[in-house]
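**Student:** Here is how the chains run, residue by residue.
Number of protein chains: 2
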Amino acid sequence: MIEGIFFDISGVLLDGAELLPNADKAINYIEEKNLPYRLITNTSQQPRSKIVKQLQDAGINILEEHVYTAPLAAKDYVLSHNLRPYCLIHRGLKSEFSDVVQNDPNAVIIGDAADDFNYANLNHAFRLCLEGAPLIAIGHNKYFKKSGDFFMDAGPFVEAIEYACDIEAVITGKPSVDFFSQVLASIQIKAEQVALIGDDIYGDIQGAINAGLESRLVRTGKYRDGDENKTKPKAIVVNDVLAAVEDLL
Amino acid sequence: MIEGIFFDISGVLLDGAELLPNADKAINYIEEKNLPYRLITNTSQQPRSKIVKQLQDAGINILEEHVYTAPLAAKDYVLSHNLRPYCLIHRGLKSEFSDVVQNDPNAVIIGDAADDFNYANLNHAFRLCLEGAPLIAIGHNKYFKKSGDFFMDAGPFVEAIEYACDIEAVITGKPSVDFFSQVLASIQIKAEQVALIGDDIYGDIQGAINAGLESRLVRTGKYRDGDENKTKPKAIVVNDVLAAVEDLL
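Line by line, the protein sequences are chains A and B.
Using the working numbering, you'd call the opening residue of the first sequence number 34 and step up by one each time.
Using the working numbering, you'd call the opening residue of the second sequence number 34 and step up by one each time.
Read the hints as simulated data drawn from the structure, not as lab findings.
A hint or two may mislead.
Repeated chains share a single entry, so a pair holds when one copy, or any two copies, can fit it.
[To be verified] The calculated EDC-like cross-link candidates involving lysine to aspartate or glutamate, where the alpha carbons are at most 20 Å apart (straight line), are:
hint: 1; residue 1: Lys86; residue 2: Asp211
hint: 2; residue 1: Lys267; residue 2: Glu247
hint: 3; residue 1: Lys178; residue 2: Glu98
hint: 4; residue 1: Lys179; residue 2: Glu247
hint: 5; residue 1: Lys263; residue 2: Glu201
hint: 6; residue 1: Lys83; residue 2: Glu97
hint: 7; residue 1: Lys265; residue 2: Asp199
hint: 8; residue 1: Lys58; residue 2: Glu225
hint: 9; residue 1: Lys263; residue 2: Asp199
hint: 10; residue 1: Lys179; residue 2: Glu51
hint: 11; residue 1: Lys179; residue 2: Asp90
hint: 12; residue 1: Lys179; residue 2: Glu97
hint: 13; residue 1: Lys58; residue 2: Glu36
hint: 14; residue 1: Lys179; residue 2: Asp258
hint: 15; residue 1: Lys263; residue 2: Glu164
Chain A on its own, in the form it takes in the complex:
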């Protein structure tokens, strides 16, 4: 019996800034059923306030409290550990960290930095970690799809620095079980009564499986034929987010 739903955003509700077909209907449907839900995302190109505005502009009327982001989890981590991070993150996200001390860094936060993933910046992060700075990763996704093209996400760059320095990153956001636990706590429903709907077989579906959630893989976003066979048990795949909601309830 599903009593709460987590939605991934990019590739499930939105394609870039555009609404994906039936995404508004899916949210309306569970709003009408009065079911608790959260939109959880590793998207690290903009602060939560902008994500909420983008969803509202696209026709999905949600509040800030409905949205959990991996960057906010990373921010919580450095604040609670008194760390001064070098932030190798997307320019659009910098404002989310404007109130965090960043001079004389003793930690590295790495997110989807896009064009700022260059050799100079990566070496800077690598040298800090080689000297012992902890590496905090905003998500561990392999890649994402945007306007028809595939792009490397933060995950591969996290792997690169982990390998270079023989360290293990603290992963915030999906697929971290800690992150799922945090979001579950906010709606006070047990894992097995919550389902996640996502387009990323690793970050979303494998993450949900590891955290004990139900899940549905959608054929939108970054989905590629055969992705459903990459998890154990195999993912249940449906056409889009509305089909997922209908299948679950």
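Model the placement of chain B on the given structure of chain A, informed by the hints.
**Tutor:** Chain B in isolation, oriented as in the chain A frame:
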């Protein structure tokens, strides 16, 4: 009984273009003993011809046949497999591949591309591999030291693309056992009678151990305190390349 010696170049014989202390004496010593030797390197910033000239300019008088490079092993691989590589390699190395067909690529060669490791180039390599192109790596080193600074080597970027695409790269150069076998064949001496002298605990020493060679770790180059404890069995560490040669013979 050691009957042949392999030398790493960068950090063992040279620091950048400069001769490291006693490096010329070490080579002269084994030349006088008439012992077969090879200089083997993953350095992928220049063609073999320039490496040889650089060594000669620094005062080490060797011939092209003494030098085995990872880029040449990668080139052999794509030629023997009829592949057309996209070469994400250092600008200084491009001339080594000038006679290899590279249009409409169906493979990726990745080396220490330095500043050409940018998001656009990495995404290009990633997309080819996502579509099934094999990834051929020039070495798998974690990092190198140059003029007092540490720099990420090709290895971390190989890891990044392997993780992004769920593939495994073909590694040419150290620490590939195939590469060591190839160099051993050229001097016709058994692995257990050959020793490798290197400054990289992974690429050199662990590689030598895996291939059945003796080895000595030098405290020059990228050596960092405690590196010798990172292999099983522990590496034997000496001050420099001359001490290594004297210790071995």
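**Student:** Could you run down the list of hints and mark each one as holding or not?
**Tutor:** The hints, checked one at a time:
1. For the identical chains of this complex, lysine 86 and aspartate 211 are neighbours neither inside a copy (27 Å) nor across copies (56 Å), given an alpha-carbon limit of 20 Å.
2. Taking the closest pair of Cα atoms, lysine 267 and glutamate 247 come within 20 Å of each other only inside a single copy of the chain (12 Å); across copies the shortest separation is 47 Å, beyond that limit.
3. With identical chains, the CA atoms of lysine 178 and glutamate 98 are never at most 20 Å apart, being 26 Å at best within one copy and 48 Å at best between copies.
4. Proximity of lysine 179 to glutamate 247 under the C-alpha cut-off of 20 Å is found in neither arrangement, the shortest distances being 27 Å within a copy and 51 Å between copies.
5. For a Cα distance limit of 20 Å, the shortest separation of lysine 263 from glutamate 201 across copies, 16 Å, qualifies, whereas the shortest one inside one copy, 24 Å, does not.
6. For the identical chains of this complex, lysine 83 and glutamate 97 are intra-copy neighbours only, at 10 Å inside a copy versus 59 Å across copies, given an alpha-carbon limit of 20 Å.
7. For the homomeric pair lysine 265 and aspartate 199, the shortest alpha-carbon distance between copies (16 Å) is at most 20 Å, but the shortest distance inside one copy (29 Å) is not.
8. Neither within a single protomer nor between protomers do lysine 58 and glutamate 225 lie at most 20 Å apart by alpha-carbon distance, with minima of 25 Å and 70 Å respectively.
9. For a Cα distance limit of 20 Å, the shortest separation of lysine 263 from aspartate 199 across copies, 11 Å, qualifies, whereas the shortest one inside one copy, 27 Å, does not.
10. For the identical chains of this complex, lysine 179 and glutamate 51 are intra-copy neighbours only, at 11 Å inside a copy versus 47 Å across copies, given an alpha-carbon limit of 20 Å.
11. Within a single copy, lysine 179 and aspartate 90 get their C-alpha atoms as close as 18 Å, which meets the 20 Å cut-off; across copies the closest is 51 Å, which misses it.
12. Neither within a single protomer nor between protomers do lysine 179 and glutamate 97 lie at most 20 Å apart by alpha-carbon distance, with minima of 24 Å and 48 Å respectively.
13. When the C-alpha separation of lysine 58 and glutamate 36 is checked against a cutoff of 20 Å, the pair qualifies only within one copy, where the shortest distance is 18 Å, while the shortest distance between copies is 76 Å.
14. Taking identical chains as interchangeable, the C-alpha atoms of lysine 179 and aspartate 258 lie at most 20 Å apart only when both belong to the same chain, with a minimum of 17 Å there against 45 Å between chains.
15. Proximity of lysine 263 and glutamate 164 under a CA criterion of 20 Å is satisfied inter-copy only: 17 Å between copies versus 36 Å inside one chain copy.
In the structure shown, a violation is registered for the earlier hints numbered 1, 3, 4, 8, 12, in ascending order.
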